[in-house]
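Since the structure of chain A is already known, use the hints to place chain B on it.
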Amino acid sequence: MINKIKKTLLLLVVLFSSASAFAQDTQSPEMASGLYQSGKIYVVVVVLGVIFAGILTYLILLDRKIIKMEKELNNK
Amino acid sequence: MKKNWWKVIAVLFIFYTIIAGFLIKVPAQPILHETIRNLYFHVPMWFAMMTILFVSVWYSVKYLNKSTIENDILATQAAQTGMLAGLLGIITGSIWAKFTWGAWWVSDTKLNGAAITLLIYLAYFVLRGSIDEEQKRARIAAVYNIFAFVMLIVFLMILPRMNDSLHPGNGGNPGFNKYDLDSNMRMVFYPAVIGWILLMVWIFTLKVRLEKIKRKLLYND
Numbered sequence: 312m313i314n315k316i317k318k319t320l321l322l323l324v325v326l327f328s329s330a331s332a333f334a335q336d337t338q339s340p341e342m343a344s345g346l347y348q349s350g351k352i353y354v355v356v357v358v359l360g361v362i363f364a365g366i367l368t369y370l371i372l373l374d375r376k377i378i379k380m381e382k383e384l385n386n387k
Numbered sequence: 265m266k267k268n269w270w271k272v273i274a275v276l277f278i279f280y281t282i283i284a285g286f287l288i289k290v291p292a293q294p295i296l297h298e299t300i301r302n303l304y305f306h307v308p309m310w311f312a313m314m315t316i317l318f319v320s321v322w323y324s325v326k327y328l329n330k331s332t333i334e335n336d337i338l339a340t341q342a343a344q345t346g347m348l349a350g351l352l353g354i355i356t357g358s359i360w361a362k363f364t365w366g367a368w369w370v371s372d373t374k375l376n377g378a379a380i381t382l383l384i385y386l387a388y389f390v391l392r393g394s395i396d397e398e399q400k401r402a403r404i405a406a407v408y409n410i411f412a413f414v415m416l417i418v419f420l421m422i423l424p425r426m427n428d429s430l431h432p433g434n435g436g437n438p439g440f441n442k443y444d445l446d447s448n449m450r451m452v453f454y455p456a457v458i459g460w461i462l463l464m465v466w467i468f469t470l471k472v473r474l475e476k477i478k479r480k481l482l483y484n485d
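Just so you know, the protein sequences line up as chains A and B, in that order. Anchor point for the first sequence: position 62 equals 373 in the working numbering, and the numbering is continuous, going up by one each time. Anchor point for the second sequence: position 190 equals 454 in the working numbering, and the numbering is continuous, going up by one each time.
So here's chain A without its partners, still in its complex pose:
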C-alpha cells in the first residue's frame, strides 16, 4: 500500500516537473507583438515610406536635370 502511494507521488512529481519544463520551453523570445496589436507599426512603415519617397524624388529630379544638361551640351 505504502509502495503504491510512493509510486503515485513519484508519478505526480515527474508529471509536474515535466509540465514546468515544458512551460519554459514554450516561452518564446520577446517580440514587438504589442506594436503589431496596436497597429502602430504602420506608423513606422509610413515614415520609412516617406523617407524613401523623398530620396526617390530627389533621384528622379537629379536624373531629369542631368538629361537636360546632356541635351544642352549636345546642342552646343
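A few of these clues could be false.
Here are the simulated DSSO-like cross-link-like pairs (lysine-lysine), alpha carbons at most 30 Å apart as the crow flies [claimed, not checked]:
no.: 1; chain 1: A; residue 1: K382; chain 2: B; residue 2: K362
no.: 2; chain 1: B; residue 1: K267; chain 2: A; residue 2: K387
no.: 3; chain 1: A; residue 1: K387; chain 2: A; residue 2: K376
no.: 4; chain 1: B; residue 1: K362; chain 2: A; residue 2: K379
no.: 5; chain 1: B; residue 1: K471; chain 2: B; residue 2: K271
no.: 6; chain 1: B; residue 1: K476; chain 2: A; residue 2: K382
no.: 7; chain 1: A; residue 1: K387; chain 2: B; residue 2: K362
no.: 8; chain 1: A; residue 1: K379; chain 2: B; residue 2: K478
no.: 9; chain 1: A; residue 1: K351; chain 2: B; residue 2: K362
no.: 10; chain 1: A; residue 1: K379; chain 2: B; residue 2: K271
no.: 11; chain 1: B; residue 1: K478; chain 2: A; residue 2: K376
no.: 12; chain 1: A; residue 1: K318; chain 2: B; residue 2: K400
no.: 13; chain 1: A; residue 1: K387; chain 2: B; residue 2: K266
no.: 14; chain 1: A; residue 1: K376; chain 2: B; residue 2: K480
no.: 15; chain 1: B; residue 1: K471; chain 2: A; residue 2: K376
no.: 16; chain 1: B; residue 1: K478; chain 2: B; residue 2: K362
no.: 17; chain 1: B; residue 1: K476; chain 2: A; residue 2: K379
no.: 18; chain 1: B; residue 1: K471; chain 2: B; residue 2: K326
no.: 19; chain 1: B; residue 1: K476; chain 2: A; residue 2: K387
no.: 20; chain 1: B; residue 1: K289; chain 2: A; residue 2: K379
no.: 21; chain 1: B; residue 1: K289; chain 2: A; residue 2: K387
no.: 22; chain 1: A; residue 1: K379; chain 2: B; residue 2: K267
no.: 23; chain 1: A; residue 1: K382; chain 2: B; residue 2: K326
no.: 24; chain 1: B; residue 1: K326; chain 2: B; residue 2: K267
no.: 25; chain 1: B; residue 1: K480; chain 2: A; residue 2: K387
no.: 26; chain 1: B; residue 1: K271; chain 2: A; residue 2: K376
no.: 27; chain 1: B; residue 1: K289; chain 2: A; residue 2: K382
no.: 28; chain 1: A; residue 1: K387; chain 2: B; residue 2: K478
no.: 29; chain 1: B; residue 1: K330; chain 2: A; residue 2: K351
no.: 30; chain 1: B; residue 1: K471; chain 2: A; residue 2: K379
Worth flagging that the hints you see were computed from the coordinates, not collected in a lab.
Relative to the frame of chain A, chain B by itself:
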C-alpha cells in the same frame, strides 16, 4: 521610359521590402528578436557594394585593355558608389551589433575584414588624388583596383569562413543558415537585394553622367 524599366523595378522592390519587411511575420529567435528584420536592409547593402565594386574592377580591367577615359570614369564612379553602400553597410551593422551582441564593434574576422576592405578602397581614392597626370593616374589606379577587389574577396568571403565568427554565415558555413531557411523571409530578402543593387546602379549611372558633363564643360569652354 522604356529603357528605365529597371529603375521602376528597383523602386517597386524597395517599397515592397519596406512594407513587407515590417509587416510579414518573422521567426522568433533569441537575442535577435525583432532585429532579425535588419536582414532585409543591412545585408542588401553589402550585396550592392560587391556588385558595384565588381563593375568597378570590370572597367579597370577594360581600361588596361583599352585605355579610354570613359573606362576610367566608370571604374572611379563605381568605386565611389560602392563605398557609399559599404559605409551604409558598416554603420547599420554596427548599430545592429550594439543591440544584439552588446557592443558597437567586436573584434571579429568578418567585421575587421569589412573595415579593412573599406580602408583598402579609401587608399584607392588617395592614390588617385596623388597623381596629376591623367593617363598615369588611370593606369595605376586600374592596377590597384584589381588588387583591391582581390583583397575584398579574401577579407569578406574567404577569411571569415576559415575562422570562427559571431557574424552569421561564417565559420565554415557559407549560407545564411537558419535565417535563410525561413521561406517567408526569403520572399522579402531576395527582392530587397535586387532592389538595392538596382538603386545603387542608378546612383552610379547618375554619377557617371554628371562626371562626363563635367569633363565636357571643362574641355569645350
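Evaluation of the provided hints:
Of the supplied pair hints, the one linking K382(A) and K362(B) is violated, its CA atoms being roughly 49 Å apart against a limit of 30 Å. Between the alpha carbons of K267(B) and K387(A) the distance comes to roughly 25 Å, so the proposed pair stays at or under 30 Å and holds. A C-alpha spacing of about 17 Å is found between K387(A) and K376(A), which places the hinted pair at or below 30 Å, so the restraint holds. Taking the CA atoms of K362(B) and K379(A), the gap is about 45 Å. The hint is violated against a cut of 30 Å.
Pair hint K471(B) plus K271(B) holds up; C-alpha atoms about 15 Å apart against a cutoff of 30 Å. Using a Cα cut-off of 30 Å, the hinted pair K476(B) and K382(A) holds, with the two alpha carbons roughly 13 Å apart. Restraint check: the Cα-Cα separation between K387(A) and K362(B) comes to about 55 Å, which exceeds 30 Å; the hinted pair is violated. At most 30 Å may separate the alpha-carbon atoms for a hinted pair to count; K379(A) and K478(B) meet this at roughly 14 Å.
Between K351(A) and K362(B), the direct Cα distance comes to roughly 25 Å. Compliance with the 30 Å bound is thereby established for this hinted pair. A distance of roughly 19 Å separates the Cα atoms of K379(A) and K271(B); the hinted pair therefore holds under the 30 Å criterion. Distance restraint check for K478(B) and K376(A): the Cα-Cα separation of roughly 14 Å lies within the 30 Å cut-off, and the hinted pair is therefore satisfied. For the given pair, K318(A) sits about 90 Å from K400(B) by alpha-carbon distance, which is inconsistent with the 30 Å threshold.
At roughly 27 Å between alpha-carbon atoms, K387(A) and K266(B) fall within 30 Å of each other, so this suggested pair holds. Distance hint between K376(A) and K480(B) is fulfilled; the C-alpha atoms sit about 16 Å from each other, no more than 30 Å. Distance restraint check for K471(B) and K376(A): the Cα-Cα separation of roughly 12 Å lies within the 30 Å cut-off, and the hinted pair is therefore satisfied. Taken as a hint, the K478(B) and K362(B) pair is broken in the structure, with Cα atoms around 42 Å apart against an allowance of 30 Å.
Between K476(B) and K379(A) the CA atoms are separated by roughly 14 Å; this keeps the pair inside 30 Å, and the hint holds. Proximity of K471(B) to K326(B) is assessed by CA-CA distance (about 19 Å); at most 30 Å being required, the pair is judged to hold. About 15 Å separates the Cα atoms of K476(B) and K387(A), which keeps this hinted pair within 30 Å; it holds. In summary, the hint linking K289(B) to K379(A) is not supported, as the alpha carbons are separated by about 45 Å, beyond the 30 Å threshold.
Of the supplied pair hints, the one linking K289(B) and K387(A) is violated, its CA atoms being roughly 56 Å apart against a limit of 30 Å. Restraint check for K379(A) and K267(B): the C-alpha separation of about 17 Å stays at or below 30 Å, so the hint holds. For the proposed pair K382(A) and K326(B), the alpha carbon gap of about 28 Å is at most 30 Å, so the pair holds. The suggested pairing of K326(B) with K267(B) holds, with an alpha-carbon distance near 24 Å, which does not exceed 30 Å.
Under the criterion of a C-alpha separation no larger than 30 Å, the hint pairing K480(B) with K387(A) is consistent with the structure, at around 11 Å. This hinted pair checks out: K271(B) and K376(A) have alpha carbons roughly 16 Å apart, not beyond 30 Å. For the hint linking K289(B) to K382(A), the alpha-carbon distance of about 48 Å lies beyond 30 Å, and the restraint is violated. At roughly 15 Å between alpha-carbon atoms, K387(A) and K478(B) fall within 30 Å of each other, so this suggested pair holds.
For the hint linking K330(B) to K351(A), the alpha-carbon distance of about 56 Å lies beyond 30 Å, and the restraint is violated. A hinted pair counts as satisfied when its Cα atoms are at most 30 Å apart, and K471(B) with K379(A) qualifies at roughly 15 Å.
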